[in-house]
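Protein chains in written order, with our numbering: chain A, 328 to 400; chain B, 328 to 400.
Quick caveat, the hints were computed from the structure, so don't treat them as lab data. Values in this document were obtained by computation on a predicted structure and should not be read as measured data. Heads up, a few of these hints could be off.
If chains are identical, the list can't say which one is meant, so a pair holds when it fits in one copy or spans any two.
Stated by the list, open to error - Straight-line C-alpha distance at most 25 Å; calculated SDA-like pairs for lysine to any residue:
| # | residue 1 | residue 2 |
| --- | --- | --- |
| 1 | K367 | S386 |
| 2 | K383 | E350 |
| 3 | K391 | D376 |
| 4 | K390 | E378 |
| 5 | K398 | T363 |
2 protein chains.
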Amino acid sequence: MLTDTRNSFRRIGDDDWMVQFTEEEKELLISLLVSTNFAKELVANEINDMEMGEKKLESSTYKKLIQIYDKVI
Amino acid sequence: MLTDTRNSFRRIGDDDWMVQFTEEEKELLISLLVSTNFAKELVANEINDMEMGEKKLESSTYKKLIQIYDKVI
Numbered sequence: 328m329l330t331d332t333r334n335s336f337r338r339i340g341d342d343d344w345m346v347q348f349t350e351e352e353k354e355l356l357i358s359l360l361v362s363t364n365f366a367k368e369l370v371a372n373e374i375n376d377m378e379m380g381e382k383k384l385e386s387s388t389y390k391k392l393i394q395i396y397d398k399v400i
Numbered sequence: 328m329l330t331d332t333r334n335s336f337r338r339i340g341d342d343d344w345m346v347q348f349t350e351e352e353k354e355l356l357i358s359l360l361v362s363t364n365f366a367k368e369l370v371a372n373e374i375n376d377m378e379m380g381e382k383k384l385e386s387s388t389y390k391k392l393i394q395i396y397d398k399v400i
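Could you put together the complete structure from these sequences and hints?
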């Protein structure tokens, strides 16, 4: 069941293509994330990577991650 | 770093409380999902659970999951 997904990508950097989701698809992904408890693991890993220096610690993103984490624990 | 998260929940069912994220937080979660490749696993698991009968197969949700899966593989 392969649909033509070429138009669902948006160029964000030289070689970076960001998938374009519809609002409904985003809502579904978010509710899946929360209902399966994946959100906590996903966000905790990212915070940890930033704190360990494995990922660039960009303060506004870091703050948002902490806010999300506080909501899902 | 605990903030007051009580107002970030929305009642959606008798005992179901859905976390309320801001638009920025949603965008961050979605970009994390895609960049860490978690999206594929998350969606594949859900599709599988529906096909195996472990979760109720609701056709419009199932179709959306397939669309998302086609975008992230």
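A quick look at each hint next to the structure:
When the C-alpha separation of K367 and S386 is checked against a cutoff of 25 Å, the pair qualifies only within one copy, where the shortest distance is 19 Å, while the shortest distance between copies is 28 Å. Taking the closest pair of Cα atoms, K383 and E350 come within 25 Å of each other only across two copies (23 Å); inside a single copy the shortest separation is 28 Å, beyond that limit. In this assembly of identical chains, K391 and D376 lie within 25 Å of each other by CA distance solely inside one copy; the values are 15 Å within and 31 Å between copies. With identical chains, the CA atoms of K390 and E378 are at most 25 Å apart within one copy only, with a shortest distance of 12 Å there and 38 Å across copies.
With identical chains, the CA atoms of K398 and T363 are at most 25 Å apart both within one copy (15 Å) and between copies (21 Å).
Going through the hint list in order, the structure satisfies each hint without exception.
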